[in-house]
Amino acid sequence: MRNVFRRLSLRLRLGLAAGISVAVAISAVAVASWLITRQQLTDQLDSSLQNVEASPRYVQQLLSLCGRDLPETGQRNETPTSYIVQVVTADGTVCVAPGSQKFGVAESDIAVARGVLESALHDASSSDGQKMRVWTTHPDMPSGVSGQYSISIAQSLSAVEEPLNNLALFLLVVAGVGVVGAATAGFWISRAGLRPVQDLTSVAEHIARTQDLTVRIPVQARDEIARLSKSFNEMTEALAISRERQQQLIADAGHELRTPLTSLRANVQLLIRSHTSGRKIPEGAMNDLLRSVDSQVGELAALIADLQELSRPDTKPSEAPLPVVALHEVAQRALERAKLRGGGLEIISELEEWYVSSDPAALERAVVNLLDNAVKFSPSGATVSLQIRDGRLTVRDQGPGIPADELPHVFDRFWRSPTARSLPGSGLGLAIVAKAVQQAGGTVTLQAAEGQGTEAVMRIPGTRTPPTAKYPDAATEAGTV
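Under UniProt numbering, think of the first position of the sequence shown as 1, with each following residue one higher.
The set of hints was computed from the structure by calculation and includes no laboratory data.
Note that beta-carbon positions come from the ideal geometry of N, C-alpha and C, so glycine has one too.
One or more hints might be untrue.
Unchecked claim - If you anchor each label on the Cβ, the simulated ranges turn out as follows:
| no. | residue 1 | residue 2 | range |
| --- | --- | --- | --- |
| 1 | Ile207 | Ser380 | 55 to 61 Å |
| 2 | Ser47 | Gln101 | 22 to 28 Å |
| 3 | Arg38 | Gly181 | 23 to 29 Å |
| 4 | Ile250 | Gln332 | 21 to 27 Å |
| 5 | Val52 | Val31 | 30 to 36 Å |
| 6 | Gln101 | Glu162 | 36 to 42 Å |
| 7 | Glu234 | Leu270 | 16 to 22 Å |
| 8 | His138 | Gln44 | 21 to 27 Å |
| 9 | Ala448 | Glu244 | 41 to 47 Å |
| 10 | Gln332 | Leu270 | 42 to 48 Å |
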């Protein structure tokens with residue numbers, strides 16, 4: 001049954017659920033109403049029975065029918081007209097008027113006759129099968145009459161059952177109409193309420209079929225469905241941006257790879273023609289040609305390495321906690337590498353201890369790239385400074401600087417300043433820096449330095465004290481920056 005229910009559409013399931021819920025509620029109310037009404041009618045019948053009084057003369061007449069020799073009384077013969085009356089003796093004998101029906105005698109009726117009980121109230125059946133309600137009590141006996149007797153007054157339960165049957169039929173009709181109405185309303189409400197979900201499903205199916213990420217769902221309300229639609233729009237927008245960036249990355253990578261590959265191909269073809277024709281290339285030209293090939297191969301290798309670095313997935317802290325790295329030691333190693341490349345430059349440093357959570361290789365690559373940019377753009381004899389103070393790593397050069405309108409683009413992939421396109425590089429160095437710093441939870445900015453040059457500032461949360469048993473949580477010992 002559960003599997004069959006799950007195969008139904010959500011709209012049909014909601015309608016059925018509404019109908020079933022209302023049916024249960026209406027049924028509960030109907031049953032409760034019927035039970036309360038039955039109790040009230042029964043109480044009214046019991047009250048009317050208890051208010052009926054049989055005259056002593058009538059009781060005396062009934063006793064005489066049982067063979068009792070009783071004195072005459074001067075009271076008039078009064079008999080109840082809408083009730084059945086019978087006298088029960090202590091030995092269980094039943095005395096009724098001629099032609100009157102008898103009804104069953106219960107043990108409680110005999111107990112009342114014997115004086116054990118004051119009264120009794122119960123159901124019984126008459127001789128013709130009718131259900132009766134019986135009230136038994138002690139009668140008012142005429143003077144001179146003695147013995148143990150009780151009088152039972154009964155009335156048919158049809159006075160209760162007929163209204164109850166009519167009420168049950170009425171409640172059944174009302175319940176049926178209510179269930180049908182609730183199911184219909186449930187289907188209508190589910191259809192109206194699930195219309196945004198249907199729109200969302202249609203858009204999702206359209207995107208899956210056409211790969212069109214420009215489709216959006218109109219969001220006009222503020223309910224949960226509207227929030228879902230808004231989240232879906234944001235997701236498709238993010239996917240569209242990701243696809244656009246991927247396509248742009250492929251296009252930019254192809255463009256960057258085309259230049260060294262074209263040059264490399266031309267040089268290789270020159271070598272092939274020289275070999276096939278037998279005409280030797282002059283030694284000086286051959287040396288220049290080989291150096292050019294080596295430079296182009298190195299440029300391709302660096303570009304591929306940068307692309308591999310950017311293609312690495314971001315590390316989530318919940319999946320792989322980042323190790324603690326001494327930023328000052330990483331900066332010192334990067335500084336040594338920069339000194340090998342910066343001949344003719346003065347490179348100075350001031351490194352305070354600072355410990356951060358980061359990928360060691362990515363962080364060192366980021367610092368190396370910042371120093372490489374400073375070395376590349378600094379004129380001979382200039383000074384490049386590297387400083388770590390209060391968790392703030394600063395690289396400053398004395399180069400020509402970056403125009404203010406170009407600063408927002410320096411961390412874009414493959415972006416290169418028009419004035420620097422003649423210099424070696426792929427335009428991916430600062431993009432790699434931004435990614436590494438972002439994974440470590442920090443920020444990096446480039447700005448004009450005081451006087452001349454450019455200043456790169458990297459801020460990563462950390463602490464001055466290395467994590468030890470004394471300081472289990474280095475991130476909270478000295479605060480973050």
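To see whether the hints hold, each was checked on the structure:
1. Between isoleucine 207 and serine 380 the beta carbons are some 57 Å apart, a value that agrees with the proposed interval 55 to 61 Å.
2. One distance hint, 22 to 28 Å for the beta-carbon pair serine 47 and glutamine 101, holds here, with the actual separation near 23 Å.
3. Between arginine 38 and glycine 181 the Cβ separation comes to about 27 Å, which falls inside the hinted range of 23 to 29 Å.
4. For isoleucine 250 paired with glutamine 332, a C-beta distance near 38 Å fails the hint of 21 to 27 Å.
5. At about 32 Å, the CB distance of valine 52 to valine 31 agrees with the hint of 30 to 36 Å.
6. For the hinted restraint 36 to 42 Å between glutamine 101 and glutamate 162, the CB-CB distance of approximately 19 Å leaves it violated.
7. With their beta carbons about 54 Å apart, glutamate 234 and leucine 270 fall outside the hinted range of 16 to 22 Å.
8. Restraint check, histidine 138 to glutamine 44: a C-beta distance of roughly 24 Å satisfies the suggested window 21 to 27 Å.
9. A C-beta distance of roughly 31 Å is found between alanine 448 and glutamate 244, which places it outside the suggested range of 41 to 47 Å.
10. For the pair glutamine 332 and leucine 270, the beta carbons lie near 45 Å from each other, so the given range of 42 to 48 Å is met.
Violated hints, in rising order: 4, 6, 7 and 9; the structure is consistent with all others.
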